[in-house]
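For reference, the chains in residue letters:
Number of protein chains: 4
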Amino acid sequence: MRVRLAVGLIGLGRLGRVYARDLSGRIPETRLVAVADPLGSLAEDVAAEFDVPRHYSDPLSLIDDAAVDAVVIVTPTHTHRELVLAAAARRKPTFCEKPPALSLGEVAAMQDAIARSGMFFQMGFMRRFDAGYAAGKREIEAGRIGTPLVFKSTSRDPFRPSLEYANPKSSGGMLIDMGIHDFDLARWFLGEVRSVSAIGATIAYPELATVGDIDNAVASLTFASGKLGVVDLSRSGIYGYDISTEILGSEGTVRIGYLRETPLMVLTKNSVAHDTVPYFMERFRDAYTTQLQNFAQNVLQQRTPPITIVDGLEALRLGVAATRAHESGVSVSVAEITG
Amino acid sequence: MRVRLAVGLIGLGRLGRVYARDLSGRIPETRLVAVADPLGSLAEDVAAEFDVPRHYSDPLSLIDDAAVDAVVIVTPTHTHRELVLAAAARRKPTFCEKPPALSLGEVAAMQDAIARSGMFFQMGFMRRFDAGYAAGKREIEAGRIGTPLVFKSTSRDPFRPSLEYANPKSSGGMLIDMGIHDFDLARWFLGEVRSVSAIGATIAYPELATVGDIDNAVASLTFASGKLGVVDLSRSGIYGYDISTEILGSEGTVRIGYLRETPLMVLTKNSVAHDTVPYFMERFRDAYTTQLQNFAQNVLQQRTPPITIVDGLEALRLGVAATRAHESGVSVSVAEITG
Amino acid sequence: MRVRLAVGLIGLGRLGRVYARDLSGRIPETRLVAVADPLGSLAEDVAAEFDVPRHYSDPLSLIDDAAVDAVVIVTPTHTHRELVLAAAARRKPTFCEKPPALSLGEVAAMQDAIARSGMFFQMGFMRRFDAGYAAGKREIEAGRIGTPLVFKSTSRDPFRPSLEYANPKSSGGMLIDMGIHDFDLARWFLGEVRSVSAIGATIAYPELATVGDIDNAVASLTFASGKLGVVDLSRSGIYGYDISTEILGSEGTVRIGYLRETPLMVLTKNSVAHDTVPYFMERFRDAYTTQLQNFAQNVLQQRTPPITIVDGLEALRLGVAATRAHESGVSVSVAEITG
Amino acid sequence: MRVRLAVGLIGLGRLGRVYARDLSGRIPETRLVAVADPLGSLAEDVAAEFDVPRHYSDPLSLIDDAAVDAVVIVTPTHTHRELVLAAAARRKPTFCEKPPALSLGEVAAMQDAIARSGMFFQMGFMRRFDAGYAAGKREIEAGRIGTPLVFKSTSRDPFRPSLEYANPKSSGGMLIDMGIHDFDLARWFLGEVRSVSAIGATIAYPELATVGDIDNAVASLTFASGKLGVVDLSRSGIYGYDISTEILGSEGTVRIGYLRETPLMVLTKNSVAHDTVPYFMERFRDAYTTQLQNFAQNVLQQRTPPITIVDGLEALRLGVAATRAHESGVSVSVAEITG
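Residue numbers (the numbering used here), protein chains in the order written: chain A, 217 to 555; chain B, 217 to 555; chain C, 217 to 555; chain D, 217 to 555.
Mixed in with the good hints, there may be bad ones.
One copy or two, it doesn't matter: identical chains are merged, so the pair holds either way.
BS3-like cross-link-like pairs, simulated, lysine-lysine; straight-line CA separation at most 30 angstroms [said to hold, decoys possible]:
| id | residue 1 | residue 2 |
| --- | --- | --- |
| 1 | Lys-485 | Lys-314 |
| 2 | Lys-485 | Lys-353 |
| 3 | Lys-385 | Lys-353 |
| 4 | Lys-353 | Lys-314 |
Keep in mind that the hints were calculated from the coordinates and are not lab data.
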């Protein structure tokens with residue numbers, strides 16, 4: 217019989233419930249042994265639905281549970297620090313969703329705790345596990361496009377978030393909240409960034425200005441190597457969820473992403489049409505599953521984590537740099553962003 | 217807690233193991249309580265891997281097992297009749313993979329048994345559950361293309377089967393073995409077929425001629441309504457697995473299918489390229505899962521089966537008609553195919 | 217200064233006027249020295265518009281004109297024989313639009329006249345000069361798809377012709393009128409055809425039945441080499457003009473054709489859409505020009521014609537065979553079609 | 217007979233010869249009555265090839281020629297001012313290729329001369345006449361995407377220019393030489409620009425640094441309306457010539473551009489591939505013709521020019537602003553660029 221990792225899952229919101237299904241039934245390497253959510257009845261329901269033996273309203277109790285060998289954290293960002301510190305205290309292998317925290321200071325504290333305990337810690341950036349992004353990375357490493365020179369990435373949500381969610385005090389603002397994925401990809405594909413400039417505006421949903429957020433932005437990146445990058449973000453990609461990335465190299469280019477959800481074309485008078493991708497869950501469902509499976513395999517086989525707290529820290533730093541560049545109107549040196 | 221259907225699974229080959237994962241972990245409405253395979257050690261291994269409480273080398277024992285509320289049959293075609301008859305004797309709701317059998321006579325016997333027992337029986341034609349085919353059906357029913365007029369369908373495997381598999385004595389020959397899916401779709405989209413003509417040849421793999429099979433074929437269909445259809449089949453779609461269907465209507469057309477597996481484009485000197493779909497499991501994995509989920513929901517909610525033994529019978533009849541049309545060189549009236 | 221061929225153009229309908237522009241201004245190797253049309257005022261107008269020195273209402277006078285070195289015939293099909301015979305009598309290099317004639321007997325007479333006079337004669341099948349078809353041919357000849365095995369071709373008009381045009385007495389019926397292009401391509405790509413079967417129906421425009429024509433059809437081809445082909449035709453491709461051809465080979469496949477006219481995509485809520493090709497002139501305009509240019513170059517450089525009267529004859533024979541196969545319901549041996 | 221504009225063409229390089237063909241044979245509204253090039257033998261050859269009655273080595277003599285009713289200038293940029301001033305002195309309707317000049321001061325002088333003489337003057341920006349760009353404009357004006365919010369444009373050459381050409385002293389540098397098209401489109405689609413920031417690097421062709429040019433760049437635009445824009449440019453689009461533009465609006469988005477030249481797909485083992493567009497002449501040939509035809513129609517029908525010297529001036533101003541933003545590393549206010 218296959219050896220399985222006994223996982224405890226903290227956070228049972230929309231993504232948390234998807235993780236519950238993944239950990240309990242779709243990933244051969246895991247067994248879901250406990251779930252926790254401050255809303256105790258939710259924990260109880262999810263436990264019943266997926267045959268999970270234990271459920272908690274207190275996440276710390278789950279971390280303490282001796283039956284739990286590894287922890288998966290998919291809670292609101294402001295709770296990440298406390299939970300990671302608790303897991304570090306018990307040296308339980310931990311997977312934590314992005315972003316690591318909302319301030320560089322908090323992430324530094326998490327980084328310290330992880331380093332001191334020597335625990336296994338894997339940061340969640342699911343795009344790296346998407347079939348398209350993974351294949352793009354392989355093609356580049358195989359030399360198919362020569363030397364990578366320019367990084368371009370676009371992220372568009374099909375509608376705006378709630379004003380409560382969008383509030384930069386909790387989300388960090390669009391350049392952090394949405395941009396962190398693209399900034400992580402920028403580092404993954406082309407290495408560290410030296411400076412960032414950015415423009416942004418509240419032009420699609422004026423009401424977002426009431427909470428201090430923007431809805432469209434462009435950030436330009438100059439890498440430490442001298443290479444160039446550009447990220448554009450939008451909350452108003454009304455046609456559908458659209459995530460696409462290009463790495464232009466000296467011998468070719470790779471383009472990652474797709475716009476079509478269903479294998480159906482409808483051709484009517486003078487028109488050929490297909491649908492689009494509704495939202496992130498449809499686009500990245502398989503990537504989420506693959507990411508958790510990768511976490512379990514890493515822990516079971518004692519491999520080092522492919523995405524560390526440093527990746528979370530540096531992507532956040534780029535988001536903070538872009539936010540300041542947008543606010544100040546001048547290019548920002550990434551090295552100067554320290555808090 | 218959700219009510220689940222206690223399913224027994226018979227047949228643990230490639231597709232059977234996928235079904236084991238689906239039934240044990242991916243489909244909320246099912247619980248996999250028993251597995252059976254003549255190769256007893258395989259049944260034991262699969263049971264261990266998916267935490268299935270019981271395993272059998274004798275499929276009839278699984279059908280007899282009181283803990284098994286419903287049966288899923290994914291065994292070689294020549295065993296279908298005996299298993300369906302046994303399940304009918306116990307009135308256990310049954311799902312059976314296509315084709316129902318290799319002769320019209322065998323199917324008639326199954327049909328009788330099902331009718332007499334009044335059992336729930338659902339035939340497997342997974343394409344009907346594919347997101348593209350399902351969406352195409354909805355669009356047509358919504359009137360998007362006016363009146364459907366012409367059915368076109370192409371099925372291509374990326375390589376030939378083994379000579380043993382291809383032997384018409386066991387496979388029925390390419391026009392039945394591959395064509396049955398397209399013939400089922402023809403009936404689903406445009407209704408009953410009046411006559412069939414067909415041409416075929418062994419031109420890609422001469423060795424297939426040694427067992428009496430062909431590797432490429434074209435069948436033309438005239439529907440009872442006077443509408444037209446054409447199906448082309450190939451074992452030599454070397455570029456990738458390619459399943460596509462078009463329904464041309466009086467106001468437009470729908471095209472179902474896709475050629476691209478990974479959301480990645482590679483652009484090199486004067487070329488834009490992407491990958492293709494490797495094989496049926498990659499193309500229809502979600503459709504297989506959805507189909508089994510539909511079966512479980514139908515049984516639990518006492519709905520009538522969307523695909524019956526008659527659908528299996530009639531699709532097989534078209535395959536037999538096409539085979540005879542190819543062999544004789546003349547158009548064959550479907551109504552005259554009775555055994 | 218470049219040597220130019222002094223061309224006389226007969227027939228000034230829609231396509232004829234396009235040819236007038238091509239011959240007078242777009243093709244470096246030609247000079248348009250005379251135009252003719254039974255409607256004399258039209259000939260006069262076209263001559264004025266394109267600065268053509270001479271114009272005739274009698275085509276035979278144009279052929280007789282000593283200033284005319286070569287003749288381009290783009291008149292109604294039933295006039296082809298007389299004009300080709302007249303040109304043959306004067307041994308003037310001649311280009312004639314497809315189809316060569318409406319009966320095999322007429323074509324045989326033209327073939328005899330051409331052979332006896334030893335004149336240069338080039339048959340018009342513009343698809344062979346389309347960038348896509350030409351590139352497909354090159355790729356196949358370069359071995360990119362291994363051995364060609366199966367030919368598939370689809371032709372769809374975006375609307376039906378007038379009842380007057382559609383009448384099989386003048387058009388030959390859809391399997392000849394539309395199919396002749398696909399039959400020519402079949403021969404060009406895979407060689408001679410041994411037998412043809414066909415089905416057809418009047419299902420989109422019932423009024424076509426009043427003149428005896430059909431509006432949708434499928435023809436299956438078995439080549440002399442044993443390879444297979446299928447052609448499907450429709451007058452009801454309501455979404456746009458759609459011409460596509462595939463040659464499936466042992467190592468790959470080529471697909472020729474496109475559906476998109478303008479380089480514009482419009483993405484709105486849940487939809488990605490583009491336009492389609494309006495009609496044959498938009499799709500094949502460049503091919504028509506290239507074909508006439510090729511004719512002029514062939515004459516000037518004394519090259520043999522790439523498409524001969526035999527190509528016209530054999531494509532017509534396939535159309536006649538398909539028509540008879542459709543009418544009789546049985547497969548027709550091409551060799552038996554002699555008149 | 218159609219009234220035609222008697223055009224004199226100055227400049228017979230690569231594009232000039234294409235214009236010679238357009239003006240002499242492809243555009244019904246024009247007659248090419250004179251050509252001029254400092255290389256007199258070239259002028260003589262082109263005149264012979266296209267049956268042009270007069271040819272000059274001195275462009276000013278062509279402008280003086282009483283048979284010349286309108287002038288088309290397609291000479292090196294540094295000569296534009298003198299030629300436009302000469303045409304203005306004679307009030308001859310003039311079409312001049314972009315960019316108008318290499319310095320804002322020179323353009324101001326041209327602007328003055330045009331205004332004083334009251335002559336008809338049309339600036340060349342052929343992309344506005346491309347079927348895709350024109351259709352995109354129409355769709356936006358018809359409200360298909362709601363309010364335009366974000367402008368994105370990409371221009372990529374498939375190889376670098378010669379070092380001589382690239383030298384910013386003659387080309388203005390990449391942000392002007394290539395960017396001027398995208399900056400013109402930015403203004404056309406979203407109006408005036410308030411500020412520009414830019415990054416650039418010499419990362420693909422180090423040798424370009426020896427003449428002071430870059431090979432990749434990103435410019436961010438903030439429009440006067442508060443809307444956003446981004447332009448990225450590359451000399452190393454090695455896969456093919458790639459021009460694409462998107463306008464994201466509140467209700468949808470339009471994407472203009474295409475990557476495929478020939479209507480052919482080649483599918484081989486696990487790959488689907490097509491070709492790309494070789495270079496600007498293949499991509500915009502029809503746009504060039506349409507643009508000249510538009511010029512002739514405007515003059516003949518006394519319409520006002522759709523693209524004026526102000527459009528040339530402002531697009532150049534954005535190029536200069538972007539160049540300075542790149543050099544200084546700070547955002548540049550467009551209004552401050554005055555010389």
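Right, here's what the structure says about each hint:
{"no.": "1", "hint": "Lys-485 with Lys-314", "in the structure": "between (46 angstroms within a copy, 29 angstroms between copies)"}
{"no.": "2", "hint": "Lys-485 with Lys-353", "in the structure": "between (41 angstroms within a copy, 19 angstroms between copies)"}
{"no.": "3", "hint": "Lys-385 with Lys-353", "in the structure": "neither (34 angstroms within a copy, 40 angstroms between copies)"}
{"no.": "4", "hint": "Lys-353 with Lys-314", "in the structure": "within (21 angstroms within a copy, 40 angstroms between copies)"}
The structure shown violates just one earlier hint, number 3.
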